[in-house]
Amino acid sequence: DQQVKQNSPSLSVQEGRISILNCDYTNSMFDYFLWYKKYPAEGPTFLISISSIKDKNEDGRFTVFLNKSAKHLSLHIVPSQPGDSAVYFCAATFSGSARQLTFGSGTQLTVLP
Amino acid sequence: DAGVIQSPRHEVTEMGQEVTLRCKPISGHDYLFWYRQTMMRGLELLIYFNNNVPIDDSGMPEDRFSAKMPNASFSTLKIQPSEPRDSAVYFCASRASPGGWGQYFGPGTRLTVT
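These protein sequence lines are chains A and B, in that order.
For the first sequence, the working numbering begins at 1 and goes up steadily by one.
For the second sequence, the working numbering begins at 1 and goes up steadily by one.
Any given hint could turn out to be false.
As the list claims (entries may be wrong) - The calculated lysine to any residue pairs, modelled on SDA-like cross-linking and capped at a C-alpha distance of 25 angstroms, are:
#, chain 1, residue 1, chain 2, residue 2
1, A, Lys54, B, Ala96
2, A, Lys37, B, Lys68
3, A, Lys5, B, Asp57
4, A, Lys5, B, Lys24
5, A, Lys5, B, Lys78
6, A, Lys37, B, Ser87
7, A, Lys37, B, Ser7
8, A, Lys56, A, Ala70
9, A, Lys37, B, Pro107
10, A, Lys37, B, Leu45
11, B, Lys68, B, Ser58
12, A, Lys68, A, Thr110
13, A, Lys37, B, Leu46
14, A, Lys71, B, Arg41
15, B, Lys24, A, Ala41
16, A, Lys68, A, Asn27
17, B, Lys68, B, Gly42
18, B, Lys24, B, Gln80
19, A, Lys68, A, Asp31
20, B, Lys78, A, Glu42
21, A, Lys37, B, Met39
Said to hold, decoys possible - Cβ pair distances, simulated, as ranges:
#, chain 1, residue 1, chain 2, residue 2, range
22, B, Thr76, A, Pro79, 39 to 45 angstroms
23, B, Ile5, A, Glu58, 31 to 37 angstroms
24, A, Glu42, B, Pro61, 44 to 50 angstroms
25, A, Leu11, B, Ser87, 38 to 44 angstroms
26, A, Pro113, B, Asp57, 22 to 28 angstroms
Hints were generated in silico from the structure; no laboratory data involved.
Beta carbons: idealized from backbone N, C-alpha and C, even for Gly.
Construct all of the structure, not just a fragment, from the sequences and the given hints.
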């Protein structure tokens with residue numbers, strides 16, 4: 001039972017364009033969402049997060065949008081750069097879970113020069 | 001800060017052997033998590049500790065897996081006996097409370113059981 005789903009295993013985008021990575025969740029108790037980026041042979045690194053009381057959080061080129069009614073969040077990267085090529089994981093948590101993270105399966109982003 | 005440290009980075013062993021993976025969390029972090037990443041199941045939580053005490057080990061696949069945290073700066077994940085299906089990348093992560101809910105991951109240990 002996947003509570004956090006990333007339905008696109010891969011995405012290719014031209015340098016300078018927008019990358020949009022999507023994530024859906026099923027557990028309505030989730031109240032905090034995070035995006036992690038992972039390069040090969042490295043551990044995931046925290047990128048950006050959003051609380052369920054917000055619908056948007058922005059940090060430089062990265063913006064996360066949350067649509068609670070649709071149980072959907074997305075990560076926008078503008079403009080995309082070749083160094084952004086990595087696997088992106090969506091994760092979710094809620095207070096009753098002792099803040100354990102439930103991860104999606106990841107999306108491989110490739111930014112083409 | 002050196003970040004979360006894991007050793008070894010790579011481990012190749014034969015089926016039936018004992019494997020011990022090691023983790024040093026970030027100093028001051030009171031939560032420690034062990035994850036396993038496979039192609040089939042993605043990133044799955046195996047066990048986590050709070051203040052050196054195991055809180056939830058429901059993700060541990062079977063009795064062959066065990067984890068300990070004898071002090072705040074060291075944890076081990078042991079597999080005995082190992083099987084080929086245990087081949088995966090094992091990550092350790094830590095975080096502090098109070099604070100944000102993001103966890104800091106180590107570089108992982110790639111385990112291959114032949």
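Results for each hint:
1. A:Lys54 <-> B:Ala96: It holds: about 23 angstroms lies between the C-alpha atoms, which stays within 25 angstroms.
2. A:Lys37 <-> B:Lys68: violated, 28 angstroms
3. A:Lys5 <-> B:Asp57: holds, 23 angstroms
4. A:Lys5 <-> B:Lys24: violated, 30 angstroms
5. A:Lys5 <-> B:Lys78: Not OK: Lys5 (chain A) and Lys78 (chain B) at ~30 angstroms, beyond 25 angstroms, violated.
6. A:Lys37 <-> B:Ser87: Judged against 25 angstroms, a Cα distance of about 23 angstroms means the pair holds.
7. A:Lys37 <-> B:Ser7: This hinted pair holds, its Cα atoms lying about 22 angstroms apart.
8. A:Lys56 <-> A:Ala70: Distance ~15 angstroms between Lys56 (chain A) and Ala70 (chain A) Cα, so the pair holds.
9. A:Lys37 <-> B:Pro107: Within the cut-off at roughly 13 angstroms; holds.
10. A:Lys37 <-> B:Leu45: The given pair, whose Cα atoms are some 17 angstroms apart, holds under the 25 angstroms limit.
11. B:Lys68 <-> B:Ser58: Satisfied, since the Cα-Cα distance of roughly 15 angstroms is no more than 25 angstroms.
12. A:Lys68 <-> A:Thr110: Since the Cα atoms of Lys68 (chain A) and Thr110 (chain A) sit roughly 28 angstroms apart, the hinted pair is violated (cutoff 25 angstroms).
13. A:Lys37 <-> B:Leu46: holds, 21 angstroms
14. A:Lys71 <-> B:Arg41: holds, 22 angstroms
15. B:Lys24 <-> A:Ala41: At roughly 18 angstroms apart (the allowed maximum being 25 angstroms), Ala41 (chain A) and Lys24 (chain B) satisfy the hint.
16. A:Lys68 <-> A:Asn27: holds, 11 angstroms
17. B:Lys68 <-> B:Gly42: holds, 23 angstroms
18. B:Lys24 <-> B:Gln80: Given that 25 angstroms is the threshold and the Cα spacing comes to 21 angstroms, the pair holds.
19. A:Lys68 <-> A:Asp31: holds, 9 angstroms
20. B:Lys78 <-> A:Glu42: holds, 21 angstroms
21. A:Lys37 <-> B:Met39: holds, 17 angstroms
22. B:Thr76 <-> A:Pro79: 39 to 45 angstroms: holds, 44 angstroms
23. B:Ile5 <-> A:Glu58: 31 to 37 angstroms: Once the Cβ atoms are compared, 32 angstroms apart, the range 31 to 37 angstroms for Glu58 (chain A) and Ile5 (chain B) holds.
24. A:Glu42 <-> B:Pro61: 44 to 50 angstroms: Roughly 24 angstroms apart at Cβ, these two residues miss the hinted range, so it is violated.
25. A:Leu11 <-> B:Ser87: 38 to 44 angstroms: Hint violated: Cβ distance 28 angstroms, outside 38 to 44 angstroms.
26. A:Pro113 <-> B:Asp57: 22 to 28 angstroms: Because 45 angstroms falls outside the window, the suggested range is violated.
Of the numbered hints stated above, those contradicted by the structure are hints 2, 4, 5, 12, 24, 25 and 26, listed in ascending order.
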